[in-house]
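S.K.: Going down the list, the sequences are from chains C and X. Just so it is clear: in the first sequence, position 156 is 156 by the working numbering, and no numbers are missing. Just so it is clear: in the second sequence, position 219 is 532 by the working numbering, and no numbers are missing.
If you're looking for bench data, these hints aren't it; they were derived computationally from the structure.
Simulated coverage check for chain X against chain C, where a stretch passes if three residues somewhere in it have a Cβ under 8 Å from a Cβ of chain C:
no., stretch
1, 468-475
2, 558-571
Derived DEER-like restraints, expressed as beta-carbon distance ranges:
no., chain 1, residue 1, chain 2, residue 2, range
3, X, V538, C, T116, 28 to 34 Å
4, X, E382, C, V57, 53 to 59 Å
5, X, K535, C, V57, 56 to 62 Å
6, C, S225, X, N591, 48 to 54 Å
Using N, Cα and C, we set each Cβ at its ideal position, and we do this for glycine too.
Single-letter residue listing:
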Amino acid sequence: MESKNNWKAWLYLAPVLILLAVFTFYPIINTVYVSFLKDYNYTTGTHSGFAWFDNYVAVLTPYSELGGAMYEKVMKIALPNTLLITIITVPLSIIISMVIALTLNSIKILKKFFQTVFFMPYVTNAIAIGMVFSVIFSTDYGIFNNLLGVQNLAWIYRTSASDTVNYWRALFAICFYIIWHSLPYKILIFLGGLQNIDAQYYDAAKIDSAPKWKIALKITVPLLSPQILYMMITSFIGSFKEYNSVIGLFGKDGGNFDVNTGPSTMQTMVFFIYDQVDKNNVHYASAASIFLFLIIMAFTVIQNKVSKKRVHY
Amino acid sequence: MRDEKFKYAADTSDYVLALAGSESSTEKKQRISKITHIISLVITYAFLIIMGIIIIFPFYWMIITSLKEGEEIKQLQQTFFPQVIRWENYTEAFNRLNFGVLLRNTLLVGIISTLGTLITTILAAYAFARLNFKGRDLVFTFLLGSMMIPGEMMVISNYISVSRLGWTASSNIVGNFAAMIVPFWVSIFYIYLLRQNFKQIPNELYLAAKVDGKSDWEFLWKVMVPLAMPTLTTIFILKLMGAWNSYVWPNLIASGNSNVYLITNGLRETFSTADNPNDYGAQMAATVVVTVPLLLLFIFFRKYIMRGVGRAGIKG
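Just chain X, same shape as in the assembly (with noise of 0.2 Å):
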């Protein structure tokens, strides 16, 4: 990196020798230079903003063709705004999804297995973290290194062994959920999240906390946690929007059976393969009550989230 840095100075020295040019033509420099910058300047913000509508376009889509008529959407040239509001695609998009159905047994997942990831994260980060123990290192690098794995390879094993205990039985709604949610009570990623957390945590605080008697288990429950808050509500956060995300294994476990659905299994099976024009109103107001409770989260959690997901590239 070091001979990097010399190479390009070298590199740019001729530019040094350019600007002591003589006096007069400073100005003019000067002036040149603002105008490629504000040329510059609009270049950048005009690509910015293309990209912005872009990114945006579909989520305006949605929302706009989940308010309009039938009749309005079967128009050859698109409006881009409703002439007249239809508010009942929404009430036929509840209706048809089974939604208070599928809110329940999405929350009900969701939060399970989130509550169930927190304890064990928090119990192993605190271990990889806090306590010495022999051959700490080398399992914490082989738990890193099963992260490499695809899921896929597990998922069929995974799908055996639930259906021989019997929980993927359409009488068996316990064992469904339970299929849904024991698997995904462990997560190394967020092990790996709170251990970096707990790390920063100043060792004082353990041999005061110490001195007064505490045990580890107290520490833990007592200092560690209250103190990795932030951390635990992006954990908690990115877990949940994991469940109201998660299709695949969802749906081998319920094949089929609607009072099991999750939420995106629910959706996908109301609003088949079938390219229906009549249907787009209602389809797209469905696919608005499944997006919205997203952004929620992330304009209240914004920061949580953006944090717990920009932390995974930082090793590089």
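Chain C with its partners taken away, still in its complex shape (with noise of 0.2 Å):
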């Protein structure tokens, strides 16, 4: 290929080029400066001045000038919910899929049927089927309430002002939710993993008569390790985003729980965001998210610092 097409590959990629330096580079280094204003109006382009970390300082400590209200919905009801949806979900969802894909990739009979059935989850609308779960969840008519075999338990909504929400109760729901919106991506990818390995580890295993759950422990699951990194960095990721979940099973203002028992509401630090861009408060939402990606950073280089040592290649 001559050298003559330089120039010209330029041109096929000058479209995605300018899109992405005006629609995703420009606006990385944008919000760290608007991060860094103060009182920033975003429709004049107006600010007082610098707040250098100010920003940083209102949206995370009980001493700023608002009274702390920014704090407690970031330290004690954004982060906490975060941080909780994140810990039970990603560990729960990548086992459950992981034994699904076992499962799956040793039968014969029916796999394609299984395998559309589990994928079906994913194409769906996240506020449509959260909507779902909340009337599954209904306090007085819900069927997960009849299943147990009990009546007006409240998991989503109250629906007198005597009733409360525990807010465990309403993590639970969410959880289960989140886990069962997530599992069709991992099963898809595990299944993918496993017919990547060498049919030949098996074949070795058969000889020796190795018990199934054996092999599976001690062959299968090793030989998945590159899967179920990228599975928990995805993931982990993933659910510190979250937000159309809680938008769908908890409606527009996240919830109303009872303060004894929990944050009061579901809000996630993604939910803080968009309620400040929707507040006007910019300047806040740019730090928050900054904050958001430093986290992610941290987890990601962690998780991948600790798993150097137990991916097998």
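With the hints as a guide, bring both chains together as one complex.
M.R.: Structure representation (structure tokens):
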């Protein structure tokens, strides 16, 4: 291929590079910049000088000028919610999807059928199915309470003023929904990984007539470790950014729970960020989004470091 | 990996010794292994069926509830099949959603942003896969690396940008739609996907086209694009599904103006947070209306969707 391609190639890339420059690279720099501004007004572009780290302080410490209101929302609601959702859903969804993938891989009859069934939650609308789950978990007439054999147990909404929603029940409901929604992708990735495993490992084990569970635990799982690491990192990032599931399940205010049992809403970090954009506090939203980015980076680096020793390539 | 293999081979050598037992016990062992095989098969299928029911149940419940009468929904003992089928829930859902407008908006935004993405993706993937230029690998690695950055960081600034352009003003409907479309005309993941596909197309075709006097441009559209149709279909479907499911950005742009809502915004706004059991029938009918097109796409394009989604994990 001749060198005259040189400038032509850049023409082919131009649309992508221009769009990325305007809508991806510039915004990243601009968000960092805005996060340091004092009282930024995004409609006019005006601000009253640099606040430097004051926006971060306002968002993260109780001693801000705002009487701690934002601190409460981040440190007492958004961050605990996000961390709890992550800690619960990431390992559980990985384990469940791996067991399903291993089981699916071991059968022949109806394999395609089950594969299709398990993929269905992927092709759904997070808001729509969130609404379905909130009907399933409904307090007075919900099928979930029905199956448990109890009445009037509030999971999502209060139905009367005297009702209270226990935070931990609400957390159960949202984690259940998130795991349900995240299984298909993980199963698909694990199945892909299983297909790539060289059959000779199994042949060796078969000759030795090792029991099935032992083959799964000692051969398959270690050979799946690249997929496990990939799933851990991507689903950590995904669950740190949980938002649509909260809106779908609890509505636009993110729920209303008994404050004696935990955070008063299921608002997450991303929820807080969009809420601040909505309230025209773009500088706080920027600071919070960079804070979130740093957390995600830290987790990703730690996971990579820890797993270096454990992943077999 | 090689070391591991030998380790397990050594581990299991006891079994080989065990197998070399006496002749008479072999039959017994075979029978036992047959029984354990059947038991494990039963457990396997039982597990898959139970998990399958958990996966299917929300879909089932959505459809069942969408056909029930208010009175039946409010029974203390829930029924698993509607006693009286009430189709009016659907008429009510369509009317309250203002479905025609939502569908028009979503298709408009979905199709234009998808076509734009396809064009930019084809051009960029071709440059990365076929053309030789300085800094190609560097730029490509840089683009892949930028996929790591969370979208939320860009959303804020992009919102500032489009509102400074006047695209968020409620009077500027064309601007509203432009704001929902233009930023999504590029996807690094799809460029990656298509580049992999382009690379598989043998170089001989390229050289043959050169001999025939075809330009790079002709080769791209007459040879590469038709050959990459399956991948392009995958991108088309996934992107369209993305528009159907997008909520955050259109919600910011529309900021309460229901004329420019996309389908998901319309759904959430029409059936707001209040827990009203009288409303469950119409609400679930509305969620069926939003879910069914996705399931239809899945049924017809299963292969394309699963291949595109599965590709993401291959790098490991």
